[in-house]
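Colleague: The chain contents come next:
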Amino acid sequence: MTVSYNLDVSSVSFLNFFKVIFRWRGSVWKSVWSELLIWLICYYIVMISYRNIPESTRLIIKEYIDPIDDQLDKAVPLTFMLAFFVSIIVDRWKNTFANMGFIENTALSIASVVRGEETEVVLARRTIIRYLVLSQVLVFRDISLRARRRFPNLEAIMKSGFIQEHEIVELEKVSCPYNKYWLPINWACSILHKLFADGKISAAPLYNAAWQEIKTYRTNMANLCNFDWVPIPLAYPQVIFVAVRFYFFMCLFGRQHLDLNEKKSIDYYFPILTVAQFIVYMGWMKVAEALLNPLGEDDDDFECNFLIDKNIATGMSIVDETFNKFPEMKKDMFAE
Amino acid sequence: MTVSYNLDVSSVSFLNFFKVIFRWRGSVWKSVWSELLIWLICYYIVMISYRNIPESTRLIIKEYIDPIDDQLDKAVPLTFMLAFFVSIIVDRWKNTFANMGFIENTALSIASVVRGEETEVVLARRTIIRYLVLSQVLVFRDISLRARRRFPNLEAIMKSGFIQEHEIVELEKVSCPYNKYWLPINWACSILHKLFADGKISAAPLYNAAWQEIKTYRTNMANLCNFDWVPIPLAYPQVIFVAVRFYFFMCLFGRQHLDLNEKKSIDYYFPILTVAQFIVYMGWMKVAEALLNPLGEDDDDFECNFLIDKNIATGMSIVDETFNKFPEMKKDMFAE
Amino acid sequence: MTVSYNLDVSSVSFLNFFKVIFRWRGSVWKSVWSELLIWLICYYIVMISYRNIPESTRLIIKEYIDPIDDQLDKAVPLTFMLAFFVSIIVDRWKNTFANMGFIENTALSIASVVRGEETEVVLARRTIIRYLVLSQVLVFRDISLRARRRFPNLEAIMKSGFIQEHEIVELEKVSCPYNKYWLPINWACSILHKLFADGKISAAPLYNAAWQEIKTYRTNMANLCNFDWVPIPLAYPQVIFVAVRFYFFMCLFGRQHLDLNEKKSIDYYFPILTVAQFIVYMGWMKVAEALLNPLGEDDDDFECNFLIDKNIATGMSIVDETFNKFPEMKKDMFAE
Amino acid sequence: MTVSYNLDVSSVSFLNFFKVIFRWRGSVWKSVWSELLIWLICYYIVMISYRNIPESTRLIIKEYIDPIDDQLDKAVPLTFMLAFFVSIIVDRWKNTFANMGFIENTALSIASVVRGEETEVVLARRTIIRYLVLSQVLVFRDISLRARRRFPNLEAIMKSGFIQEHEIVELEKVSCPYNKYWLPINWACSILHKLFADGKISAAPLYNAAWQEIKTYRTNMANLCNFDWVPIPLAYPQVIFVAVRFYFFMCLFGRQHLDLNEKKSIDYYFPILTVAQFIVYMGWMKVAEALLNPLGEDDDDFECNFLIDKNIATGMSIVDETFNKFPEMKKDMFAE
Amino acid sequence: MTVSYNLDVSSVSFLNFFKVIFRWRGSVWKSVWSELLIWLICYYIVMISYRNIPESTRLIIKEYIDPIDDQLDKAVPLTFMLAFFVSIIVDRWKNTFANMGFIENTALSIASVVRGEETEVVLARRTIIRYLVLSQVLVFRDISLRARRRFPNLEAIMKSGFIQEHEIVELEKVSCPYNKYWLPINWACSILHKLFADGKISAAPLYNAAWQEIKTYRTNMANLCNFDWVPIPLAYPQVIFVAVRFYFFMCLFGRQHLDLNEKKSIDYYFPILTVAQFIVYMGWMKVAEALLNPLGEDDDDFECNFLIDKNIATGMSIVDETFNKFPEMKKDMFAE
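Taken in sequence, the protein lines are chains A, B, C, D and E.
Residue numbering for the first sequence follows the working numbering, starting at 1 and increasing by one per position.
Residue numbering for the second sequence follows the working numbering, starting at 1 and increasing by one per position.
Residue numbering for the third sequence follows the working numbering, starting at 1 and increasing by one per position.
Residue numbering for the fourth sequence follows the working numbering, starting at 1 and increasing by one per position.
Residue numbering for the fifth sequence follows the working numbering, starting at 1 and increasing by one per position.
Derived from the structure by calculation, the hints contain no laboratory data.
Any given hint could be a false lead.
You can't tell identical chains apart in this list, so a pair holds if it fits in one copy or across any two.
Heads up, simulated EDC-like pairs for lysine to aspartate or glutamate below, C-alpha to C-alpha not over 20 Å straight-line [as the list claims (entries may be wrong)]:
| no. | residue 1 | residue 2 |
| --- | --- | --- |
| 1 | 194 | 117 |
| 2 | 200 | 213 |
| 3 | 325 | 120 |
| 4 | 62 | 267 |
| 5 | 194 | 118 |
| 6 | 310 | 73 |
| 7 | 194 | 320 |
| 8 | 159 | 328 |
| 9 | 325 | 69 |
| 10 | 62 | 309 |
| 11 | 19 | 155 |
| 12 | 200 | 120 |
| 13 | 94 | 228 |
| 14 | 194 | 328 |
| 15 | 94 | 70 |
| 16 | 310 | 321 |
| 17 | 325 | 309 |
| 18 | 19 | 303 |
| 19 | 325 | 170 |
| 20 | 180 | 170 |
| 21 | 331 | 165 |
| 22 | 330 | 63 |
Since the model is a prediction, treat every value here as computed from it, not as a measurement.
Taking the hints into account, I'd like the entire structure generated from these sequences.
Modeller: Next comes the structure, spelled out in structure tokens:
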């Protein structure tokens, strides 16, 4: 579920700062703590091993690994890589969200042009909405594990009411060997044309307007599929993810105090700056990881199932329950 | 209220520079001074404590914390993080502003296609405008604390005249369990269709054009809700905010002069560069914090309540007061 | 006036390089020279003061201010701040320019749908164009000092012919307490509808098309107002401007040669690198300052007054002088 | 073929991390291993040569090449260049993908406006779809080596059924000396107009709507050609590619241990950090190289041939097999 | 002429790498070699001068200029400036290219709505196309030196057939004191309306659709003019260009070996790293210079004259030669 925190940042103040910092769900703390713990355990194992070997050996080891820490930052330019990678990912994340498919415009359009309160017209409007959401369900199943879990097969969709038995038959009858997300849309268009032919849509421009809204909705779904089909090239996140992990793996060895005769700094007991660095970089990378697949199962990922339910309820309400209704018009207060 | 300063920067000059620098409302000074004061107090407390402990202890402490300052910048890459984070936030802020919902286009469209000066047609036009602004009020209440304070409940909205009593009843009758921002829009669409059916709109393309404008307005409102529903993932601002504060917390200790026998620099008495750094980074971060929720209560945040009042006044003026009026056409000066 | 230099860069060559470099109007030299001079004077005052105090004092001072220069770059990350700020500003500048309001499309649209060469139809077309430009004049007055100076009040606009006396009366009669830029547009729309009702526009889709162009033009004007109403949050330019000036203020002291026994470098007589840095950073910041208010009075700012004159002349020519005219069609050379 | 890995990143966890890291197809490992191997071989050849020359000579060499490594990073700012170059390339890659030409919208549009199930109408719809895909085939042949290999000449296209013999004659008869990708589109438009003239499209707005969709599809194709015609200026990738290779070429010499009396670090035996750097920078550059021509033959490149097959199958299914079909409408479960 | 190299990068391989690197036309080598040569000559002149002055003088000089090289990179942050400047320029370059004006859509639109094969209708269609390209010729003349050279005056345009004698008379008769690029468009619109009035365009929506395409084409032309009218503010490229040249000018002196008793590095004979730096930074800047005026005369600039010829040939072919023609429709292979 998406984590909302806007009220906490409605104004800039110290209190709000703490409200934002100490949230847990979807927080950097939650995403970082387990790996930080593992890293710390490894760090102390290495530290204890080092301190228990003879000094002469230790000094030789020190010589061997000392240059690592000096050159690590040059070899692995984490800031650059993370900053640019996150920029690209955030862009993609925004686009994905903009294409999630919100039914209101389409439903309002259909309600505005398909007129009539006869049972079959109402049913036609309802069915169009249902087909649109059905298409969304089919798409979400393929790109979101959560939706897949909710709708493991067509039968589960049928039980939820988005598809009916004879529709499954029709769906499976179509021979096209590629995905069939477009089929429910095609059904919706066919119904729309029948309504037009039957005179329930009074003019061609209105038929066209409704069709355009359905097209926009379908394009959203197609874009989602395309984002799924063609992700950021694998090598890019690989480079980033490996670089961050390699960096902190090397820190396990390079940030140790090997010459026990040296002056002791605070890092002698607890690597406070490396831990800070771990939280910052790892947290930053976790942001990237979480955004990489915005339809996944992280705290911050989009709620596909919620959207499906909202779409069907809102859509039905618009084309049926509240169709053609408006309160009696009375004189308003703003007239002088 | 938004802080306007464009006249001050109409040309590049020294004087204008000072005009911009010494503004208070919405300024970096206003947002930074309190935390800077707290930080300075802490800094001097730490300084005095240090200087009052025995030298030997102090030198040991020095050894312990000396490496902190050296590595702090590497561990916490503030410039990178702030620069990229602010870029992303500014982008979002611009989008939010572009979706605030300005009624002029919709009102002009309705005035252009819904013709007639009979009382009921005028009332219909007025009611459509009122419903559009009502939808905006409902949305703003949920995403802006200021609007919420002005309209704590439906009754307050009723008293302001945006909704009427029997409309509240209708609103609450609708069973849809999700938000109902779309309902007033739906009412407006229904009225629009009635006007079309009654022949007040002379052709389908014009009905369609008005509908498109209402849709655009509604899409703006829906986008605002979506920006509120799906913010930048929490972990991102958390990482940034914690990093900045951690950095300056560490500076409290790492930027002290512990070896009193060392040469004294200007920092011995007043940490001028760290204060400059504090203003710059903290100010930069405050920009990010303020932009993060542009509908909040900072000096620079968008004025929801002003916009609501402007929309209702302008909209009503367009569809009623100035409807179908234009000055007598006379020969202009530009004709040869 | 905007400074054009495209012909100078039509190809990459040494000569073109010098042509670009040694321009004065709108150049970095022009914007930087005065502050550079002031800075240099201050620098030499500080230098002379230093060299005239006893050496012992000077060395103590040296100790005090030496660390400044070392840490200044860390404390004030000018490159980052300027680079990102300029990016954001350039984006806004582009958007402003794209919304300046060019009348050609609207005028061509009106000429294409409002047919007829009778005096009153021609007058109607002319009046619509005049109202559109009038709206632009009203907007420009509020956001550009140059336009304000040309049109200090409504009377000045009247003398230029953009508004007529009885129109001022109408304008002032409208009670809306907010800006009334939309009113001339509303008049234009009303005239357009009258033409449609009188059969001068032959079909609803054409009426709609003309209306859409007027809307696009009005949206441009509204966007300009919005850019003016909601600038980049004040704190952002403040942080940048203060940081740059603080940086060079500190350089006055930190870049001096205090230990006269040290080896003399070229900086002993003239701080060549600091001057280079001053030109680069200051010039960069001046770009940002100049772009911050693109409707201001800098050499590079958009020419509001020129655009107004061009719009009225071109618009009138399209809807009147060249209306419905085209040369006799003759066989062209491209037919085989 | 595009490499999909979204399911592996559906949530942020350690396991998923490894799934992403250890993929081979399209991975950074696959793209980097061969050059890394060559580099390592060269590195060890240089190392062995060095160690087998007399110490005195070696120390002179050391003097000569020591400054290289120190200044290499300043001379060749790889991080900056790669980060910005990849940003620009990713942007272009996204645009290319968005213009690949997906037929669904066009096909649905044609199915929605061209009504009739008579053989010749069905054939007309099928032919329009075929011509659209034919245009795509012609374009893809010119910009994608894979498509070119599948369709080496018009005859191969004919055998695949996208073009027919008499159509090749027509195609070759047209005298236009430039590319003729637009010709099949022109045929499709002509057929569309014939359908309109024959009354198979019931109204001008619908004819227009279908035409707009065909235009959108054609514009996609034209954009692809334009991306191919005007690539990123050659000098930009050249600078980047040369810089990266020059950097690692210099590392062959600059990262050697020449003074064998110096303390031995881990780099004495294996240049672990340089190898890490090689993987990171080279991998990053490989991302850029792969994205530079997204229609090429890398693992991650778009699958032109797959898209052609999908388009023809889906398009035909929409305008013929599933045309005007929808399941019987039955009461749904969402009605209360 | 634009330099195409896409086939060379169709897959990532070593061979392709070399193909890209060793191209000459439009390459970084071609743009950098002459200035590099000049720089090297200067460098060696300075070097020889240095080595021929007495050692004592030389060491004093050394003292004077030594600090330059250390601080040069701080004073002139080339990487930042170039990276961000190139980003902004690339964005503008893309926009320019997108607005070059491709006639296909407009021509297809006119062919789709203006029906009839009578001589005068065909001539009307041809004339509209010619006027559109004429407008492009007029615009290109003003913004591209190459187009200006091909069309030095109206007569040259007339000889090429884009304008006819009596049209020049009409063009010069119009009194508008500003540019008249819109006039041929206005003629085209007037012809279009005449066709509509004569019943050659069957419905208002189709007239409107064709008009919209002409508008889109004209907007492209207007955008090109605007890009030319309002370039990136002069101070920005000035700062960049001066900074790069100043940097390498200082390197002439700062990168010399003045203390001949120092250990000799490879830079003693040939400044290999400075040369590498020169190629990288200068090449990067040359990319910026070349993109700054994409309609100029560099190898990589857009081919205005080619586009004009292609537009007239393709446009004429669409509206005349291939008008209303399509091959006989036969059953395709994809039907089962």
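Colleague: Next step is simple, just say for each hint if it's right about the structure.
Modeller: Cross-check of the supplied hints:
Taking identical chains as interchangeable, the C-alpha atoms of residue 194 and residue 117 lie at most 20 Å apart whether they share a chain (16 Å) or sit on different chains (14 Å). Taking identical chains as interchangeable, the C-alpha atoms of residue 200 and residue 213 lie at most 20 Å apart only when both belong to the same chain, with a minimum of 18 Å there against 23 Å between chains. In the homo-oligomer, the alpha carbons of residue 325 and residue 120 lie at most 20 Å apart both inside one protomer (19 Å) and across protomers (17 Å), since each shortest distance falls under that limit. Within a single copy, residue 62 and residue 267 get their C-alpha atoms as close as 16 Å, and across copies as close as 13 Å, so both meet the 20 Å cut-off.
In the homo-oligomer, the alpha carbons of residue 194 and residue 118 lie at most 20 Å apart both inside one protomer (15 Å) and across protomers (17 Å), since each shortest distance falls under that limit. In this assembly of identical chains, the alpha carbons of residue 310 and residue 73 never lie at most 20 Å apart, being 48 Å within a copy and 47 Å across copies at closest. For a Cα distance limit of 20 Å, the shortest separation of residue 194 from residue 320 qualifies both inside one copy, at 19 Å, and across copies, at 17 Å. For a Cα distance limit of 20 Å, the shortest separation of residue 159 from residue 328 across copies, 18 Å, qualifies, whereas the shortest one inside one copy, 40 Å, does not.
Within a single copy, residue 325 and residue 69 get their C-alpha atoms no closer than 71 Å, and across copies no closer than 68 Å, so neither meets the 20 Å cut-off. Neither within a single protomer nor between protomers do residue 62 and residue 309 lie at most 20 Å apart by alpha-carbon distance, with minima of 61 Å and 61 Å respectively. Proximity of residue 19 and residue 155 under a CA criterion of 20 Å is satisfied in neither setting, with 44 Å inside one chain copy and 31 Å between copies. In this assembly of identical chains, the alpha carbons of residue 200 and residue 120 lie at most 20 Å apart only when taken from the same copy (11 Å versus 26 Å across copies).
Taking the shortest Cα distances, residue 94 and residue 228 sit within 20 Å of each other both inside one copy (14 Å) and across copies (13 Å). Taking identical chains as interchangeable, the C-alpha atoms of residue 194 and residue 328 lie at most 20 Å apart only when they sit on different chains, with a minimum of 12 Å there against 33 Å within one chain. In this homomeric assembly, residue 94 and residue 70 never come within 20 Å of each other (Cα to Cα): the closest approach is 38 Å inside a single copy and 38 Å across copies. Taking CA atoms no more than 20 Å apart as the test, residue 310 paired with residue 321 passes inside one copy only; the shortest distance there is 15 Å, against 33 Å between copies.
In the homo-oligomer, the alpha carbons of residue 325 and residue 309 never lie at most 20 Å apart, since the shortest distance is 23 Å inside one protomer and 27 Å across protomers. Proximity of residue 19 and residue 303 under a CA criterion of 20 Å is satisfied in neither setting, with 24 Å inside one chain copy and 24 Å between copies. Proximity of residue 325 to residue 170 under the C-alpha cut-off of 20 Å is restricted to the inter-copy arrangement: shortest distance 9 Å between copies versus 35 Å within a copy. In this homomeric assembly, residue 180 and residue 170 come within 20 Å of each other (Cα to Cα) only inside a single copy, at 11 Å, whereas the closest approach across copies is 35 Å.
Taking the shortest alpha-carbon separations for residue 331 and residue 165, only the inter-copy value of 12 Å comes in at or below 20 Å, while the best intra-copy value is 51 Å. Taking the shortest alpha-carbon separations for residue 330 and residue 63, neither the intra-copy value of 88 Å nor the inter-copy value of 80 Å comes in at or below 20 Å.
When the structure is compared with the earlier hints, violations turn up for hints 6, 9, 10, 11, 15, 17, 18 and 22 and for no others.
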